[in-house]
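S.K.: Single-letter residue listing:
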Amino acid sequence: EPEVTQTPSHQVTQMGQEVILRCVPISNHLYFYWYRQILGQKVEFLVSFYNNEISEKSEIFDDQFSVERPDGSNFTLKIRSTKLEDSAMYFCASSLRQGAYEQYFGPGTRLTVT
Amino acid sequence: DAKTTQPPSMDCAEGRAANLPCNHSTISGNEYVYWYRQIHSQGPQYIIHGLKNNETNEMASLIITEDRKSSTLILPHATLRDTAVYYCIVRTDSNYQLIWGAGTKLIIKP
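Going line by line, the protein sequences match chains V and Y.
Its first residue numbered 288, the first sequence is counted upward by one per residue in the working numbering.
Its first residue numbered 4, the second sequence is counted upward by one per residue in the working numbering.
Careful, some of the hints might be misleading.
In silico DSS-like cross-links for lysine-lysine, where the CA-CA straight-line distance does not exceed 30 Å [unchecked claim]:
| id | chain 1 | residue 1 | chain 2 | residue 2 |
| --- | --- | --- | --- | --- |
| 1 | V | K344 | Y | K112 |
| 2 | V | K344 | Y | K55 |
| 3 | Y | K55 | V | K329 |
| 4 | Y | K108 | Y | K6 |
| 5 | V | K329 | Y | K6 |
| 6 | Y | K55 | Y | K6 |
Source of the hints: derived by calculation from the structure; they are not laboratory data.
Computed from a predicted structure; not experimentally measured.
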């Protein structure tokens with residue numbers, strides 16, 4: 288069964304450093320998403336991406352964040368200058384279409400900012 | 004998107020049906036009800052969704068009341084692996100994001 292994959296599974300970085308989290312969505316999916324979950328808290332939407340542009344973003348997704356689909360398979364989330372409060376699990380998801388279609392999630396990348 | 008209310012936790016015996024309720028009294032006509040679950044430290048997993056009619060798939064059944072103000076997710080024969088946090092989410096088909104609440108922590112007991 289096709290699945291969303293994410294690398295790395297765990298990333299440790301120092302405050303102020305740039306990090307790139309990588310995702311490989313399901314191959315025929317067209318819509319891509321990033322969510323995050325701070326330990327013990329709710330899952331929060333960050334951004335959705337379609338046709339090489341952002342279709343929706345939350346207040347969390349400020350200028351420090353960017354997304355890119357550099358080739359036909361990868362989907363990345365970049366945090367330019369990490370803060371302690373960026374420590375969280377980051378989940379990538381994809382869906383075949385917008386609308387009443389399920390989103391499939393990857394296993395997540397645990398980001399620890401020290 | 005309409006808000007949902009779920010009990011914070013529930014227990015169920017292994018092999019029995021687990022019935023997870025969700026209230027969405029402010030749901031509007033074009034909003035779907037989705038259920039996801041998150042097994043500890045894993046990514047959320049889609050279970051099922053519906054608009055008006057009851058739905059069933061290999062994982063679960065979704066029962067939506069006629070007035071659509073509440074729904075129940077049924078896991079027909081719960082196993083220990085079904086222990087997870089279950090999220091009921093309401094959204095329109097024009098929205099991209101899923102808005103997550105606190106969910107119901109379901110514990111399956113042997």
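S.K.: Hint by hint, say whether it matches the structure.
M.R.: Now for the hints, and whether the structure bears them out:
no.: 1; hint: K344/V / K112/Y; verdict: 40 Å, violated
no.: 2; hint: K344/V / K55/Y; verdict: 29 Å, holds
no.: 3; hint: K55/Y / K329/V; verdict: 27 Å, holds
no.: 4; hint: K108/Y / K6/Y; verdict: 18 Å, holds
no.: 5; hint: K329/V / K6/Y; verdict: 14 Å, holds
no.: 6; hint: K55/Y / K6/Y; verdict: 17 Å, holds
The structure is inconsistent with hint 1 alone, although it conforms to all the rest.
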